[in-house]
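A.B. asks: These protein sequence lines map, in sequence, to chains W and B.
At position 108 of the first sequence (counting the first as 1) the number is 108 in the numbering used here, and the numbers step up by one without a gap.
Count along the second sequence starting at 1, add 1000, and that's the number in the numbering used here.
Simulated from the structure, these hints should not be mistaken for lab results.
Every value quoted in this text rests on a predicted model; they were computed, and no experiment measured them.
Keep in mind that a hint or two might mislead.
[As the list claims (entries may be wrong)] In silico DSSO-like links for lysine-lysine, alpha-carbon gap of 30 Å or less:
#1 W/K124 / B/K1179
#2 B/K1714 / B/K1689
#3 B/K1268 / W/K146
#4 B/K1176 / W/K80
#5 B/K1695 / B/K1512
#6 B/K1759 / W/K147
#7 W/K66 / B/K1264
#8 B/K1759 / W/K146
#9 W/K124 / B/K1183
#10 W/K146 / B/K1264
#11 B/K1176 / W/K123
[Stated by the list, open to error] Reference listing, derived: stretches of chain B covered by chain W, where coverage requires no fewer than 3 residues with Cβ under 8 Å from a Cβ of chain W:
#12 1174 to 1186
#13 1189 to 1197
#14 1274 to 1281
Glycine included, every Cβ here is placed at the ideal spot set by N, Cα and C.
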Amino acid sequence: MKVIIKAEKLCRNYVIPGSEEKKEKEEIPVIKGIDLEVQEGEFVGIMGKSGCGKTTLIKVLGMIDKPTGGTVFFKDMDTKDLWAEELADIRRRELGFVFQDFYLMDSLTIRDNIVLPMVLDKKKAKECLQKGEELAEQFGITHLLKKHPYELSGGEKQRVAICRALINNPDLILADEPTGNLDTKSGEIVVNEFKRVNEELGKTIVMVTHDPKMASNCKRIIFLRDGLILEDLNRETEQEEFYEKILEKMKDL
Amino acid sequence: MSRVIRRIYGIIMGFVIQIICMYRWIPLDGKEATCLEAFLNILRSDNTRSATAAIYERMMADGGGPADDLSVFQFLVFTASLAIVQILGLIYIPFSFFGRGLMFCGVSGLIFCIIPLFSVAELMYMVEDPLQMMCYVGILLIAEAAVFIGSKLIEQLNEASREAKALRERDRAFRKDRKRRLKFKGRYSSLFYHIIGENCSSRWGDYVTFIAAGSIAVSFVIAGFGMWALLKRQELNTILLNFLALSMVISVFLLVNILLFYLKNRMKGYGILLNLGMRRMTLRFYMAVELICCILLSVALGFLLGNGLLFGLKTLLAKSFGVEVISGTLTERTWMLIFISIGVMFVVALVITRDNYYNPETSGAADRAVMAEPIGVKYNILSILTGSAFVCVAIHFFTDRKVGESLLFPGIFLIGCYFLLKSLWGIFLRCKKRMKALSYKNMLTDNYKYYRFKTTFRYMFFLAVMHTVILFVYAKDIAAVATAQKAENLFPYDYVCIADEGDMKEFAKLEKKGFVERKAYPMVRVCSPGQSVIFVSPGEDLINHQHIGVSETTYRKMCEDAGIKPDKFRLSEDGSTVHIIYQQDSAQKAHPINNFLMEDNPFLRVGQPTVIKSGKAATVWITSVKELYPERIVEGEEVSILTGAVSQGAHENIVVFSDTYMEKVMADEAKELVLLNLTSGKARPEVEKTLNAFKERNAEEESYDADVKAYYDKSEIVPRIARERAMNLEVNIFIIVLFMITGFIMLYMKTAAEMEERKKQHTYLALVGMGPKKRHRLIWSEFLSFLVIPFIISTAISAGFLWVTIKLRMFTAAETAAYIKGWGKLYVVYVLIQAAGMLALGYYTVRKVDKE
Chain W
1 MKVIIKAEKL CRNYVIPGSE EKKEKEEIPV IKGIDLEVQE GEFVGIMGKS GCGKTTLIKV
61 LGMIDKPTGG TVFFKDMDTK DLWAEELADI RRRELGFVFQ DFYLMDSLTI RDNIVLPMVL
121 DKKKAKECLQ KGEELAEQFG ITHLLKKHPY ELSGGEKQRV AICRALINNP DLILADEPTG
181 NLDTKSGEIV VNEFKRVNEE LGKTIVMVTH DPKMASNCKR IIFLRDGLIL EDLNRETEQE
241 EFYEKILEKM KDL
Chain B
1001 MSRVIRRIYG IIMGFVIQII CMYRWIPLDG KEATCLEAFL NILRSDNTRS ATAAIYERMM
1061 ADGGGPADDL SVFQFLVFTA SLAIVQILGL IYIPFSFFGR GLMFCGVSGL IFCIIPLFSV
1121 AELMYMVEDP LQMMCYVGIL LIAEAAVFIG SKLIEQLNEA SREAKALRER DRAFRKDRKR
1181 RLKFKGRYSS LFYHIIGENC SSRWGDYVTF IAAGSIAVSF VIAGFGMWAL LKRQELNTIL
1241 LNFLALSMVI SVFLLVNILL FYLKNRMKGY GILLNLGMRR MTLRFYMAVE LICCILLSVA
1301 LGFLLGNGLL FGLKTLLAKS FGVEVISGTL TERTWMLIFI SIGVMFVVAL VITRDNYYNP
1361 ETSGAADRAV MAEPIGVKYN ILSILTGSAF VCVAIHFFTD RKVGESLLFP GIFLIGCYFL
1421 LKSLWGIFLR CKKRMKALSY KNMLTDNYKY YRFKTTFRYM FFLAVMHTVI LFVYAKDIAA
1481 VATAQKAENL FPYDYVCIAD EGDMKEFAKL EKKGFVERKA YPMVRVCSPG QSVIFVSPGE
1541 DLINHQHIGV SETTYRKMCE DAGIKPDKFR LSEDGSTVHI IYQQDSAQKA HPINNFLMED
1601 NPFLRVGQPT VIKSGKAATV WITSVKELYP ERIVEGEEVS ILTGAVSQGA HENIVVFSDT
1661 YMEKVMADEA KELVLLNLTS GKARPEVEKT LNAFKERNAE EESYDADVKA YYDKSEIVPR
1721 IARERAMNLE VNIFIIVLFM ITGFIMLYMK TAAEMEERKK QHTYLALVGM GPKKRHRLIW
1781 SEFLSFLVIP FIISTAISAG FLWVTIKLRM FTAAETAAYI KGWGKLYVVY VLIQAAGMLA
1841 LGYYTVRKVD KE
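Chain W on its own, in the form it takes in the complex (with noise of 0.2 Å):
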């Protein structure tokens, strides 16, 4: 299988401003040179505890962040070397992105949020319409489409995202706490959806959660601590199994 996104030594500083107590600026290492590879078709989760860096490095590898230190590789392009209107042209065609907090702009409608990385391509109307239908149709959502963001649930926003991450049809779904805003019904309505997609349509996911449960779903496992990989965990028993598997090791986070 072909590795969709790797990533070598990869390391990401803060800049914190000085503070009444400390004066000076002070650099902080969230990712502290992490190597990643994943191939096509995997469904990845990346799990740690509040502030050991899931967030930041869905954010470096999905081009949103820039790397401190280390490359990222999207499919074998080092992303150092392209510029930044490159970088835009594989956010909006080859990944897609669901945010905790859904990131809908609420100014349109759910139409409009669904079409619109299609609509940034260059895409005719009708096409990026139809298409965005279809999306609606396979979520169950087609009932929501003329209303606005802050008229739905967080399901229901969840939804509408993932169909946005769809839309353009790429080939890499990064998801950061998918499921973090939603109650466990909700949450697993959208982490099915995930499966779905990721059997179904066999996008790369890569999402990360808090939720023991949810990540049992994945196929695999990045357990992060301080900026590091402890423990990178293949999925090869039943649900359940790994689950119970998850839990032990979420024990040493």
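Given the coordinates of chain W, assemble chain B onto it according to the supplied hints.
C.D. replies: The following block gives chain B in isolation, referenced to the frame of chain W:
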């Protein structure tokens, strides 16, 4: 290309050298010859020494003896070298045609040009025309140097053009690659424009606020320039210039804040679009379109609003004082200035807020909007020292009469306050935070001050400056005008005449006929260089200010006649010390009799005005001014009306000299100060007839300065002063209203910008169990701090400067009381209006928050 240049340059320079070498200047057999000809002549002769000596001796100055061997040898070397230069030049031309030998010829030519220089040093003392010899060699040397330098440059040009070519190729390849990689075929669908439109229309409130505030800023500039252009010929020039400067500063502040507010609100949407893969250039284009549209609409609306304001002001003034008060017009030049200023204002605002729109990062944009603003710690000591220095300098100068109450110093004071207060407030907040008990007690009320330190300080300081400007600059003037002496009371006499001995008979006749009561005092003209209030700089033509010089005895007599108690002083017999009486009302600024080059003592000349023309060197100019206008020491000063405030302190002040000195100067410069009071109104035509004749006789006296007359008529001046005061009042009130509107807009913008944040905070506080009353109290306490703190600062500053002004203007106790009372009333009204505005904003916020 470089080969062609090389060839052309070589041929041209070859011919240039030949032309120089063809110059015939060496005497040879009764005619002039070139160096080459002379050298060939020497070579052809049997005896080289005698042939050389013959030529050289012909060149020698009269009286030069037979040439010695060394000189002959030197001349031979000289001729030979220059002949070689010509021969080399000849060889050089065909070589140049093939683009070769440029460097060789340049170097060799230069060497053979330098060799004769060693001979020239000796020969030039002997020959008849050394200048010709030096020029010839010099010009040839320059030409050869040009060949050498040119050849070097062409070589470098060669190298550079090769590098440039390689660079161009790399650049072309890079552009080609970039074009290929960034190719983004096709056009955006209608849905894209629909989405962009929807996104824009959903934030129409932001646009409305932006355009409203932007148009107000623009209208301010138009109003400022317009008022200045329309009324600049009136006595309001200083007020209008101050307003213009302030309106520019406030407009920039308004624009910066509105841009920050607008961008902060738009940033989340921009961030989503970038995350979803919108190209940065596309986003920047739409951001620019949005901004440009808003700016253009602001300018258009501001243009209408500004013109409306001007029209309102014009109508108001014309109704009150007649159309003749609108003494100027808005010319094309004024409009050009207006639009350039507006452009500069927007550019400055965009540059200040550059980081916010130029780099909307894909991540962190939303975080940045909610990021805490750190309380600066790095430069506190420097900031306190700088601030203190500014404050001290401003106080030191403003309390000195010589700066004439210039608003520059309160401006410097406020800049100092900015540095000082920002640092001190930061230190205070940090100390307070360290005191845990106090810090936790006021945690909620003080939280915003810590979290948004810069924004809070910026708004508070802006409000404090605005209040200070209104209360000190404008309210002070309103109070001064409102409480000043009645115009009639500024003139104890109907006519004030500056007469000569010969005129006295006519005045005596008038008195004899019973038309007037007359008083006459001996006087001399006293002139001061330059303006009394505005600085004069070296090189300017001096305008003489003219005053009345009297003796101590006359002064005491005049005081007695006017019912004023004279001051006590002792003046020197040589006239080096003087006592000055400023004849002006209490609304006029305190200023020195002159502040020539900002020196402490005045420079006063007894006698008629004189003119010192510009064009001299500064030091000569200053020295001659100082010689003509001797420096005097001011023994004492007072503000009194002895003859009348005919020029409101600009001219015709009274300068008292010692009796001895006056006796001395009266011999040459004696004049008579004649003060007339009509016995009845009926006598006026007859008196004016005499005065007109007097004026004609004294036409020369009036020719120096249009403001200085032979006689002054109370009935003419009193209505003018009354009109000026009324205009002053109206313009000041108009300006105050404009500033107040700006202040409210600023506060509204701040409230609107922070509404979402405030709603979140109050939802959170409600969730953690804080009751509505307590939450409302929190809002009110914040609004109260924005009302009280700026007022405390501005009241302290205004009161301080007001006190200095009272002292400078030498108010009596009654005048001080009336002035403070008048200002106090304005202060109360202003505070009440501000409080009402703050109350309205507070209610608006509480309602919005409660709705949430």
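A.B. asks: Can you list which hints this structure breaks, lowest number first?
C.D. replies: Violated hints: none; all satisfied.
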